[in-house]
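Q: Single-letter residue listing:
Number of protein chains: 2
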Amino acid sequence: MSNNLKAALNPKSVAIVGASDNPHKVGGRPILFMNKYGFKGRVYPINPARAEVQGYKAYPDLASLPEVPDIAIVALAGEATVQAVEQCAEMGVKVAVILASGYGETGAEGKKIQDAMLAKARAAGMRIVGPNSQGLANFGTGAIANFSTMFHDLPCIPGPVAIVSQSGALSQLIYSLLHKRGVGIRHCHATGNEADITVAELAAEVAQDPEVKLLLLYLETVNDPDKLAEAAAIARGRDLPLLVLKSGRTQAGQRAASSHTGSMATEDRVVDAFLRHHGIWRASDPEDLVNAAELYLKGWRPQGRKLVAVSNSGATCVMAADMAEEFQLPLAVLADGTRAQLNAILPGFATTTNPIDITGALLTNSSLFGKILQIVGKDPGADLFFAGIPIAGTGYDVEAFARDAVDFIAATGKPLALSVPQDAVAAPFIRLGLPVFGSDRQALRALDQLAAHTALMRRRRKAGAAAPARIDIAAGGKGFLNEAESLALLAANDIPVAPQRLCRSEAEARAAWRELGGPVAVKACSAEVPHKSEFGLVALNLRSEDQVGAAFEAQWRKLGEMKVSRDGIIVAAMVKGLRELALGARVDARFGPVVMVGDGGKYVEALKDFALLIPPFDAEEVIESLDRLHIAPVLHGVRGEPALDLEAVAAIAMRLGDIMQAGRGRIASIDLNPVMVRAKGEGATVADALVELI
Amino acid sequence: MSNNLKAALNPKSVAIVGASDNPHKVGGRPILFMNKYGFKGRVYPINPARAEVQGYKAYPDLASLPEVPDIAIVALAGEATVQAVEQCAEMGVKVAVILASGYGETGAEGKKIQDAMLAKARAAGMRIVGPNSQGLANFGTGAIANFSTMFHDLPCIPGPVAIVSQSGALSQLIYSLLHKRGVGIRHCHATGNEADITVAELAAEVAQDPEVKLLLLYLETVNDPDKLAEAAAIARGRDLPLLVLKSGRTQAGQRAASSHTGSMATEDRVVDAFLRHHGIWRASDPEDLVNAAELYLKGWRPQGRKLVAVSNSGATCVMAADMAEEFQLPLAVLADGTRAQLNAILPGFATTTNPIDITGALLTNSSLFGKILQIVGKDPGADLFFAGIPIAGTGYDVEAFARDAVDFIAATGKPLALSVPQDAVAAPFIRLGLPVFGSDRQALRALDQLAAHTALMRRRRKAGAAAPARIDIAAGGKGFLNEAESLALLAANDIPVAPQRLCRSEAEARAAWRELGGPVAVKACSAEVPHKSEFGLVALNLRSEDQVGAAFEAQWRKLGEMKVSRDGIIVAAMVKGLRELALGARVDARFGPVVMVGDGGKYVEALKDFALLIPPFDAEEVIESLDRLHIAPVLHGVRGEPALDLEAVAAIAMRLGDIMQAGRGRIASIDLNPVMVRAKGEGATVADALVELI
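Keeping their order, the protein sequence lines are chains A and B.
In terms of the numbering used here, the first sequence opens at residue 1 and continues consecutively.
In terms of the numbering used here, the second sequence opens at residue 1001 and continues consecutively.
Simulated from the structure, these hints should not be mistaken for laboratory data.
Some hints could be false.
With the Cβ distance kept under 10 Å, some of the chain A side facing chain B (calculated, not the full set) [as the list claims (entries may be wrong)]:
1) PRO155
2) LEU170
3) LEU173
4) ARG249
5) SER284
6) THR316
7) ALA321
8) TYR396
9) ASP397
10) HIS630
Ideal Cβ positions, reconstructed from N, Cα and C, are used throughout, including at glycine.
Starting from the given sequences, assemble the full structure and let the hints guide the process.
A: In structure tokens:
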């Protein structure tokens, strides 16, 4: 199949079924573009009414072609499309690109026709792009099986960026945003309804094009996560940044998406976790998707996040410091030597702490800009550089600033983002190929992203547990395991659980009390009552044998009244912790196992203070996730309290991942709430657990 | 004084001390500009070396002038500046605009000279702009006492926007950002070091210019909050939107600000609360400050926040829905009649729910855009309109879209923000004066801001408590009141506190137990031990007389061991609540009394889940503040729990505001933690309180 895909991106011959001599009709534009962008293969217009189309010899039908074309662009409407696709399949065309709309996106009727076309293609081994697709465009080879007007209105700047999009409009919007910035493009593909070929599959193919240096995707649904993971692996393997704009982030967005493409909704945080897991950067909107393009394309991959900011305006320095804190970019602490050198060249009242305020002195001494860059470029504590020039113009030697910036980059190889909002002032920088942003925020956001994405791309996960998880569940089980069984499953996999005894008589309960010592919890155990506290079936902090005995009796009786299975009554040691967290795991219908770590208590769902992880992951990733929580400040110790044992939390989370992977197809979800977390080095213990089978 | 300020903005005569015949020198540019922008008053260049300067008769010195000028621009350096300022003051000049830098911003030495100039001016009743100021520019009258190169490089588009900025660079940046959007400007003033005249004072003056329709401020410090409040009141009084960009939002930003202007830091959330209180919109960066300018200037003041989104791209519809949810703009639910009309004109598969996907059908039927706008414009449930056109070009009748948008606005008077990222497609819309944004996010953010700011500007606070607060504190008190005194102060002002008795013997404690009944707390009471729980001086949930007696004895002894005042031991009823909140109040050095409402517990400072309010405020504002908290979802009842009595919380917060205002100069801070909040209608009770005196 992959060979067919390669042919799709780099065909030797292209037939256009429904070819038009009018270069501005749908059936005319691909021919116009292949001519314009220098396609070296063979172009076969199919048009029974003409001997020639746009200067190419035309053929009356597919059967008359001198060879079987690699690609057939089907630029017909209605029933004629279906017939042409069938004919292509029969004659051995590798890929049909179906431009017409009116299929799966219109409802059940259209979906039926689409499925029928797909079945015919599958049977013959032909792949389909679309229907309802803008088509494929490879500007590297000139193979433009695409009818976008954009490639006519804004002629392509050849370059290293690839765009693969479900939506045709978005493929063009991204193209136009890059065009506006003067960034060159190599691929621009839109998959439409994805009856067959998906964005992920094309992305995996495009990622192998050595000329591609930046890969941008637009998705409304992740139709094949495994293929997207494969594309990401290929990209990481060659240091190719892969960015995704995935819409339908919110409930409103998902409703809008499903009314327009029939897409299936999945919780958006799972998408976040999946993309992060695979080193894919997630953009928040089309402008954000292209914002850091120039920085990636310079090949910059910073080692750290420490920022130096320079400006000729004190106000810009203040705002850059504000934004740096917002983006969690620490301001580099300049070495004494660096500051001494700065002091030697800056006026007395200028600021030589970072951010560096050149002040209006720049107007009378244009060399200051370059000199300062030279000095700070050598500071060992600086990873990222920002220069903000909110104003300049008459009197400033902006050409010199631009040359100095080029010299800085050549000398240091370090990332420099310039914020130059005035067009006339920006022009000299742009002419020299420097990355210029229209605002401080865009420039700093781009540096933040470059550093964070580089770290994601370069992450090497530490190997997980040596022992595979043990899933010892009675065959045929369904629904919930009771608490005792749930805890046993965890314990069998080395997750620390509270000491407890399952008792079936008051005498056993009293014996358990004597054995466990200290305060205990007494909890009814029934697979039919997973949420026992709602029924008054939990008694905490019991401090005498009599209390335990009475609690046993009360709960045993209550279970009887409820007419549910009486699996027993648990007597468990009250385990202590500095804080209660909640951990969990479940199987997402699309993305598979997902592990959750978050704040504990009864408001997990309401407050949503949790983070998701896709297994496998390592302890560092769990701790990073915990650091994104609202309660993060408390986890590291405040008010003189010790830091929590986050390593222990991470170990439980990782083991949950192992269990979910080993229990695939058997375990639907696991909830651990509360997990009592003690001080660093003192561990964490699961106090209650609930496992649900599939 | 205000008359002098009026003269500053609209002088009859302007002297330029240090006038230059070279229009690109600091002393030449104001003359160039007054000439260029048609100043009708008298211009007096002072230059002992020339008879004429840039075509104006020159004078050798101030003494030779035929009249005392309203304004003197001092364009000299060093000691000459000081002499000129003194001379201006002596002769009765109303306002001196000092352009030179090298004063307060450079350190103590410069500050001394600045203070001396100010003293001379004050003595003579002369006002000072600057020093270190870019100057004043009134394009309405052509009075440009300003040396910005920007007014030469980007000639002013006359219009209704006023800019007042501490920073000269920022005044120019904001000017250039508006210029790029084609938005016209009337005032552009920069105050520099603010030895005398502040941004707030100028803003209060500019707000009275009837030609000004939008007022934009840049501040690094709020040097005179009362004056800013006055400016805001004037602005609200004539429906003039007032926006502030206040930098130094973060600790890093405040450090940068203080190294560059010596400004005093204040907690940024107080600034937020202050601005909100006065109906001032706070922008996050310069681009954000100007982003909604066109919408304000159309005079649109929407009644609500319900959004209709329209696009020719399904993907844009999905992303618009995502962003609407992010901005908390509810998508309007279209009336059945509206949907029926849409169904009649849109292709079958197009989406007639909101967002409305016109689909590619727009290419073949250009009238669809206008027809859809017409239909949704009449829907009674819609307040705000967004139209996204990510792609168009060859084949689309964009001119018709633009005319249809103009018709929509004329017919409905409702706000319409267009997102048209391609420059060529945007041009016809811009030519017709429509508000066009470069991205969906900018357009939706502008609509969000317009609706939210309109609501802020139009807020009418409900009157507070009839009874003034009673502050009955022994004269000469300092430091902390003990808990009993603190609670008494609250109770005297009708704030519900837990029933309690202050006991000085075990017998009294036992009697208190019998009187109060139910579980009690026993707490040591000493003004010298404000944080008693840290010393083990709190026993909660005591359930027998003996326990109470023992706790009294232990705490009494402990106080003795600590050698602190033994004010007594409190026996208090344990009050119940569904949730513990924390309330408080304190006096900010700059902004005065501030009231805090937030989540309770010991992590108030660490988790910062609180909101601040400036008194006076009403219950609605308290509840809105609570709704911005992380714990907000829990406050309204989740998991079948009842909603909390937020009205009761609001009543306490409002009364705290009254107490702080009545206790001004006496009370430094009040902490109520925990406040036990019960279900709606059942009230809230303060369980612990700490009042600190000044």
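Q: Against each hint, give a clear statement of whether it holds in the structure.
A: Status of each hint after checking the structure:
| no. | hint | verdict |
| --- | --- | --- |
| 1 | PRO155 | violated (12 Å) |
| 2 | LEU170 | holds (5 Å) |
| 3 | LEU173 | holds (4 Å) |
| 4 | ARG249 | holds (5 Å) |
| 5 | SER284 | holds (8 Å) |
| 6 | THR316 | holds (7 Å) |
| 7 | ALA321 | holds (4 Å) |
| 8 | TYR396 | holds (8 Å) |
| 9 | ASP397 | violated (13 Å) |
| 10 | HIS630 | holds (5 Å) |
When each numbered hint is compared with the structure, violations occur for hints 1, 9.
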